[in-house]
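**Student:** Just so you know, the sequences run in chain order A and B. So the first sequence is numbered by the working numbering: it starts at 1442 and just counts up by one. So the second sequence is numbered by the working numbering: it starts at 1442 and just counts up by one.
Derived by calculation from the structure, the hints in this document are not laboratory data. Be aware that one or more of the hints could be misleading.
Within a straight-line C-alpha distance of at most 30 Å, the following computed DSSO-like cross-link-like pairs (lysine-lysine) qualify [claimed, not checked]:
1. B:K1748 x A:K1690
2. A:K1748 x A:K1536
3. B:K1536 x B:K1748
4. A:K1690 x B:K1536
5. B:K1690 x A:K1536
6. B:K1690 x A:K1748
Here's the letter readout for the chains.
Number of protein chains: 2
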Amino acid sequence: MKLGSLTGGRDGRLIVVSRDLAWCADATHIAPTLQAALDAWETVAPRLEALATDLAHEAIPMMRFHERQADAPLPRAFQWADGSAYVNHVELVRKARDAVLPESFWHDPLMYQGASDRFLPPRGPIPLADEAWGCDFEAEVIVVTGDVPQGADRATALAAIRLIGLVNDVSLRNLIPDELAKGFGFVQSKPASALSPVLATPDELGDAWADGRLRGILSVDLNDRPFGRADAGVDMTFDFGTLIAHLAKTRSIGAGSVIGSGTVSNRAADGGPGRPVADGGLGYSCIAEQRMVETISGGAPVTPFLKAGDHVRIRMDDAHGHAIFGTIEQTVATA
Amino acid sequence: MKLGSLTGGRDGRLIVVSRDLAWCADATHIAPTLQAALDAWETVAPRLEALATDLAHEAIPMMRFHERQADAPLPRAFQWADGSAYVNHVELVRKARDAVLPESFWHDPLMYQGASDRFLPPRGPIPLADEAWGCDFEAEVIVVTGDVPQGADRATALAAIRLIGLVNDVSLRNLIPDELAKGFGFVQSKPASALSPVLATPDELGDAWADGRLRGILSVDLNDRPFGRADAGVDMTFDFGTLIAHLAKTRSIGAGSVIGSGTVSNRAADGGPGRPVADGGLGYSCIAEQRMVETISGGAPVTPFLKAGDHVRIRMDDAHGHAIFGTIEQTVATA
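From just these sequences and the hints, can you work out the full model?
**Tutor:** What follows is the structure, given as structure tokens:
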């Protein structure tokens, strides 16, 4: 099934959304919010599944689903921990800063605690106060977990995955080097991220969800031009089970935790960073990678970071060309 | 007024607690949880204040308040951002690792996003799976905020402080160096922290709350012996207004965010790290500092990190010797 939240209060109002995203049904009589559903998933999920079946059969009152009216499925969450599972991306971004990738990064996941007190709605603006901060998007896959016990292994972690979706992990590139040097992670350089309009259960995804990875082309458009077409199932060094187990090594994890894949990134056939979409490549899921490639080929970056009015679109289509999770579509606005 | 949460569900049940912590009154008819109260503070706080007045006058049904029955006032929160406002502490801990303190640390606050999906109850065990991780306590002051707009200045940030309390920020010292080297902050080296049994509004604290700092001796006992007696109002380089404004530079902050001071730490009169309580000094608010001083004086640390059965107590007394926020009292348990 697919779940989302209509705007309403700080935590939204839970809805079940039809597979084609055309229709939705109020689910607040089952659980008022998605967090409440996740808190009691074992009893709530079967009732939501029944509602989804009724919706598919048009057997209940239903409403048109408009992505522009959706809040983030979790407008706020108790945890947002973002990995860097596509180590290729980390290597490229480090190269752009003339920093070396430690060998350990290939077997010990990078992960940071992000701010989860507000996820931006899928069509909400990116509120940017200063273009000099170097605003970038990062298109990623996320999962939402149930409770995970301390010390959980990969299999236990995988079994705790409740929902899957997409995120635009907004990043302020020019603030990152100073925060990395402090070693304490990202406080100012990672403002609020935007979630996809809907999240889907693993069973909803069929073959696209396998081995703790989501397979499919993550489409990123910048100002209505194709920017990234990487496959999220390729070059993901650490699957979500491994990422969650990493986070749970020393403590339990609460239901409703949002875990990110890090920026999706594919190597080219020659092992290198490939080419922009405009040059026939798969492109990139963030501006920083494209700037890196421009630096390699031309000596300096060409593509600027985001400025007010710039527009980014992130989605993943199924085999029939329908956006599985809806579309994140944001315009940069002066904060 | 003083607020707390009795155990019940994932978010506890809101209570108002008498000034002397002897009595409490159910407040769930006003707001079911402390988070719900913070979400609508402007309308809810006056009603809670009225309840607190009735409780003080014994004009309503009241119950004995037992700290051992209290959950964390916020059993989970949407944000836990911990500063390092006592730069003295940072300098000492770095010295213990032979690392240099950058000069910028004196004017640019250090802060990390911590895990907020579960705060331990004030009398809950510290679940430790491996003593080799080097488990330590950190006694700190916290504040809980209302909504803070992006770009808020210090005065706006100070005005958004709703509640004040204490935290034991459990730290796994031997996991910290590797995570610091990654630059992404603390994921495995900072497991769940414990909050004090109650939180107090700023007006409740009188002169003890001034200039964005809490004045008073933060008493830390390890295995029933005095370990730390530092004054939280002394040597706090960055006040809470400055810490919150730092966090809000690039994004808004949601109601119910928990902001930490970092380990409370006082310099000695000679500017140095002082002496353990047993040697007539003010002692330390974490084991790591005492080990540092032992290393300086004797060439090697003597005090071991925590092991199963060790017992830590953290509190701050008012002028009459009563614990303002109750007592955090935890025993290390094998996870």
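**Student:** Hints first: check each against the structure and report whether it holds.
**Tutor:** Going through the hints against the structure:
A distance of roughly 18 Å separates the Cα atoms of B:K1748 and A:K1690; the hinted pair therefore holds under the 30 Å criterion. Restraint check for A:K1748 and A:K1536: satisfied, since their Cα atoms lie roughly 24 Å apart, inside the 30 Å limit. Among the hinted pairs, B:K1536 with B:K1748 is consistent with the structure: their alpha-carbon atoms are about 24 Å apart, no more than 30 Å. Taking the CA atoms of A:K1690 and B:K1536, the gap is about 28 Å. The hint holds against a cut of 30 Å.
With a CA separation close to 28 Å, the supplied pair B:K1690 and A:K1536 stays within the 30 Å bound. Restraint check: the Cα-Cα separation between B:K1690 and A:K1748 comes to about 18 Å, which is no more than 30 Å; the hinted pair holds.
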